[in-house]
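Enquirer: Letter by letter, the chains look like this.
There are 2 protein chains.
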Amino acid sequence: MKQNRNVEFEPAGRKSNVESESTEVSFLYLSEDDMVDAGVQNAARCVDVMEEMIGLLEDGDFLMGGPYNDAHGLMLYFPKKSPIKNFPINNSRDRRFIAMPAYLGGRFHVAGEKWYGSNGNNRELGLPRSILMMMLNDVETGKPLAYMSGNLLSSMRTGAMPGMAAKHLAVNDAKVLSLLGCGVVNKACLMSIMTVRPDIEIIKLKGSSRTSKTALRMKEYIEDHYPGVKQVILCTTMEEAVRDADIVSEAISCMYGQWPEVKKEWMKPGLLYISSSTFNMEYSSIVDLKKVIDNYGMYENYAEEDELGYDENGIRKHSGCMGEDFVYMIEDGLIERDSLIRLGEIIRGKKPGRESDEEIILVSLEGMPIEDVAWAYECYSYALIHDIGTRLKVWDKPRAF
Amino acid sequence: MKQNRNVEFEPAGRKSNVESESTEVSFLYLSEDDMVDAGVQNAARCVDVMEEMIGLLEDGDFLMGGPYNDAHGLMLYFPKKSPIKNFPINNSRDRRFIAMPAYLGGRFHVAGEKWYGSNGNNRELGLPRSILMMMLNDVETGKPLAYMSGNLLSSMRTGAMPGMAAKHLAVNDAKVLSLLGCGVVNKACLMSIMTVRPDIEIIKLKGSSRTSKTALRMKEYIEDHYPGVKQVILCTTMEEAVRDADIVSEAISCMYGQWPEVKKEWMKPGLLYISSSTFNMEYSSIVDLKKVIDNYGMYENYAEEDELGYDENGIRKHSGCMGEDFVYMIEDGLIERDSLIRLGEIIRGKKPGRESDEEIILVSLEGMPIEDVAWAYECYSYALIHDIGTRLKVWDKPRAF
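So the sequences go chain by chain: A and B. Numbered per numbering that gives the first Met the number 0, the first sequence spans residues 0 to 400. Numbered per numbering that gives the first Met the number 0, the second sequence spans residues 0 to 400.
Bound conformation, chain A alone (with noise of 0.2 Å):
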């Protein structure tokens, strides 16, 4: 019988569909309401499979697509216009769809992949900006483990990255949480790093202004749900939110090339600078700063596609990415490759983490599919022992054909 780890997470008595010598081919449906009874909001044990998730990326016990190993996931560009009758076009933030596939090792020991579409006028109807679906497989025989709704899963593992980063790179008597967006994402983060950091006092908020309704909704959800927090200040200004914070959380959905900028100065000696999302500061300001992130290989492809340029003055255009804009300062002879940490380094020992409470830490976050099929695999354990779900046969004998 070959070994199949997720043979740990049966339930005694019932027989494994994974171990299972039948031919027989059944998944578990796990619609939004199954996810939340999986745990799926469990930010707490979400930082705790992040960090399990970043140490096998370190030991290279996964795969992502490519021949690199190292892609994000396979995007469908919609175009600006068409000639085209009813062509659908890229006419609002985020029109894409992208299909991301990962393998991830370690108890998990399992494929999978999230596939979504995103288009700004969801909202308009009343729904999600992205509508996402993940999917389960057993990595030796590829057959369907799982297809779950992916929301609140995919909020969650972006949020508890953050908190991942909070919790080894923060300076210990971490004070004051800065917020730069206050939509889904860097609410999932507030969530993740309040469980590692209770201490925080004061949270800064920064929205599209100072009374966008989703500022003023994050700002009820962190009264009513965290007593311990005594302030919670509305910021009109990048700089407000940024001084005199200890952690800042960046999680801002903008234009290309409208990310706002943000300046050395502003920052507090100690400060944790993570971003998730869109970043703008000037190169040579980041020079001395010490620069963790994620996944390298995952930038340098954002690089090559993006092959950007210089401008006018002879000075490198900004890519509204972190981790990408440290790619070009590489390249630009600003820095060396390995004054770049992996967060893996960091988790694994071979790197130390915070050296000096004096000292600025930015974090580059990019969303990985590995992320997303440790956060699954996770929920998806947790439904096959509490029985919470929908078994759906694909079939008791594939037809012979």
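Treat the hints as calculated values from the structure; they're not laboratory data. Hints are not guaranteed to be accurate.
Said to hold, decoys possible - Label pairs and their in silico Cβ distance ranges: (1) 22(A) <-> 254(B): 51 to 61 Å; (2) 312(A) <-> 68(B): 32 to 42 Å; (3) 51(B) <-> 235(A): 52 to 62 Å; (4) 359(A) <-> 76(B): 35 to 45 Å; (5) 54(A) <-> 32(B): 18 to 28 Å; (6) 348(A) <-> 119(B): 34 to 44 Å.
C-beta: ideal position from N, C-alpha, C; glycine also.
Given chain A, put chain B in place with the hints provided.
Expert: Only chain B this time, still in chain A's reference frame:
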């Protein structure tokens, strides 16, 4: 209300999932049995739908992955070996996972993705080598419309492409069909070709050996299903199988580099030689034959990835793929790029197909995700109208989070 042509397929009196103003999201699950009920094995219809699809490809009314809109898919490559315990390795035929996203326009106007894992060792478990699942999504919102078993779907659409080629490009009185390879794919090719060329009288089979089980099973299948076929000949050599054939359908699965060679001198005037899988023919003997392809960009991608060079005698290596070899021939100046004719050009009447009963035509077909989307949409629409499948809810209202 936004336009969505999916509505055409809504049975009267049933509220459309797509058009609904509610925030409810649900999708249709179709098992393998459901797919059969939904007509997935209807070869004649599938040939017609593939013809529609190839027309839309020619019109540019589609999207495939990547910045150049021509990606076959994104693959997880398994390493040949790994120092990591339990790491899944490439120790069997076709071990891989592939994600294949696409959008198809026209009356389809739908996005979708095929996701599958393959492992040659599956056979020992009584499972197909590949286990495929297919999704369809509303292209406007990203909402899932359907999740379906993809095995029959994938075989049928692959087989329908040679059917379509045979319809348009075989000599009028084609009597002798040769099947190189007797697996699932060539069975689907047979089914499709017989719907468009019912006058075939002799079928030659070339399996791995004269007495291979699959070849004998194919012979039996033909004798049971096609009473008009007067003779089924089991061949020992490629030469025997190719000689005298009016149509060759190649679908051979073999190890890399072990593609059986084909020679021009075996080819009868008027032969239509369709390659769906592997191909190995001396470059110089290809030059004067008519060359038809499905999609040039995809082969260019393959050539770019493989970067095949020359052997020690300065002779260009072979790729095992007909279309990719055509790309190398262009690079080497052996042929002009516009000597390659797209199937879509023929379907749209831009270029002639067969111009004489004497010319030998080579056709290269590789799987494209728009084929899956087309055939999946057709089966899904049929299932909707006939109330086949299981409707599953993702949410009534998305969680505010």
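Enquirer: Starting from the hint list further up, note which numbers the structure goes against and sort them upward.
Expert: The structure conflicts with hints 1 and 5, although it agrees with all the remaining ones.
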